[in-house]
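A.B. asks: Here's the letter readout for the chains.
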Amino acid sequence: MPYPSIQARFEIATVDEFFKVMFVIICFYYFLIQSEMEIEDGVQRWLVNTSNWDPSPHQFSIAMSVIPQQQHSSITRFVKIEDRKRALVSRLLQYALVHQLIGIPFHEIAINRTAQGKPYLEKHQNVKFPNFNFNVSHHGDYVAIASEPICLVGLDIVSCFIPGKETVSDFIRNFSSYFSRLEWEKIVNAGSDEDVLDVFFRYWCLKEAFVKALGTGVGYKLDHVEFHHKDWTNIYVKVDGDVLNDWSFWLSELQGRHRIAVARGHPRIATENFKKTLKQSHFDNDFYKLGFHLPNPVFVMRTVEELCSLFPHMELNA
Amino acid sequence: MAAVPVTCVRLTTSMHTTQIVGRTSTMKLVPMGRVKSGFPSLRTSRFQISCSAKPETLNKVCEVVKTQLALASDSVVEPDTKFAALGADSLDTVEIVMTLEEEFGISVEEENSQNITTVQEAADLIEKLVEKKNASEPA
Chain A
1 MPYPSIQARF EIATVDEFFK VMFVIICFYY FLIQSEMEIE DGVQRWLVNT SNWDPSPHQF
61 SIAMSVIPQQ QHSSITRFVK IEDRKRALVS RLLQYALVHQ LIGIPFHEIA INRTAQGKPY
121 LEKHQNVKFP NFNFNVSHHG DYVAIASEPI CLVGLDIVSC FIPGKETVSD FIRNFSSYFS
181 RLEWEKIVNA GSDEDVLDVF FRYWCLKEAF VKALGTGVGY KLDHVEFHHK DWTNIYVKVD
241 GDVLNDWSFW LSELQGRHRI AVARGHPRIA TENFKKTLKQ SHFDNDFYKL GFHLPNPVFV
301 MRTVEELCSL FPHMELNA
Chain B
1001 MAAVPVTCVR LTTSMHTTQI VGRTSTMKLV PMGRVKSGFP SLRTSRFQIS CSAKPETLNK
1061 VCEVVKTQLA LASDSVVEPD TKFAALGADS LDTVEIVMTL EEEFGISVEE ENSQNITTVQ
1121 EAADLIEKLV EKKNASEPA
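In order, the protein sequences belong to chains A and B. Read in this note's numbering, the first sequence has 43 at position 43, and its numbers run on one by one without any break. In this note's numbering, each number is its position in the second sequence, counted from 1, plus 1000.
Don't read these hints as lab results, they were simulated from the structure. As the structure is a computational prediction, the values presented were derived from the model and not from experiment. Just so you know, even glycine gets a beta-carbon here, dropped at the ideal spot from N, CA and C. Worth double-checking, as some hints may not be accurate.
As the list claims (entries may be wrong) - 30 Å max Cα-Cα, derived DSBU-like pairs, lysine-lysine:
hint	chain 1	residue 1	chain 2	residue 2
1	B	1054	B	1066
2	A	165	B	1082
3	A	186	A	165
4	A	80	B	1132
5	A	279	B	1060
As the list claims (entries may be wrong) - Coverage of chain A stretches by chain B, computed from C-beta distances (three or more under 8 Å per stretch; other residues unrestricted):
hint	stretch
6	16-29
7	78-88
Stated by the list, open to error - Some chain A residues close to chain B (C-beta under 10 Å, calculated; not the full set):
hint	residue
8	165
9	169
10	256
11	258
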């Protein structure tokens, strides 16, 4: 035999068997690498600057036409045009991402909302990711979407504004019951008004991303939720004094004084009616670690025109 | 069913052409009493107009909402329009509740504040809390 050690290890009697075993080993690693790569593909971060999009009423209705008819009222219910734009782009992002990533034909994509208003993809045979879920956010100039293949994801964008009709300390005092004592101290002692607002919006953005991941509204005893960080990296959260080791957070800045926060974590503390929409809310530890340690990529800028080009038969510039 | 007089000017815009249709209706048929689902945050549940909140309360709430959401003072805010539809984000919703607490001298529990999604809901809760406050005050 040309390779005695392998023969001994695998008890190979013939050259034939040797090649069969090598073939199986190679196939195994190929699929392992493939599936790892594919798993990573489930992590998506897309961003649209809606302030750059100025559609005519005609172009707006063309863009709206790719969204299922029964969802139109959820866009048109908004009184201000800027809110309608953001609502439409949010939906375009959802349908475009699901179609491009998972390959479900547009007319088969069913996106619904839980009782608390969290959108989710109805189960479909094409969904190969173990626990695909996504979250959207919009505020100010931006609309964004984030998806994950295994862990829960939550997303929040906040446009950091300067309160117009009240002082900074009066403004933030409205929200004091949503912060823990430690967080509150860090906010009020941050320094100048500008610093106070900066810290305030950072904590608010993180909290929102967290509750949105869980599927609850703002009111989830947020003073019991405390964020810790090292210069706004290595961000982790304590709930009722206990560190949640299976949750990660990232906070970054977008041009024009916007902050964007991503929360990734274990579904076990999500609301019951959101858990029901997931494929799994219980995991093998090693499997969960795989999802938990996937990269967190930067947000990719997309334009509305690019998104629309993914939809069939749409001539946006007609 | 009871007929409750409601005057309102309704503005409707279609997506293809901007048509402003002004209509003044003087009578609106609404069911008496409230039908409220057990899930306060259920977006699709219909909250029917009850006749419990006074017009002054409704107007005051409208003013607070319009100021907070930077709507023109002559804009009409319907009692059952969701704040979210008017452009309120999570920060706005908190501020609206806080301002209403100050204006009416009441305290809204956190679980109740989630139920305040329209002018009507706010007004109804306010009147309930004011009534409770007045009843519990020492004679």
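A.B. asks: Would you pick out the hints that fail for this structure and give their numbers low to high?
C.D. replies: 4, 5, 6, 9, 10 and 11
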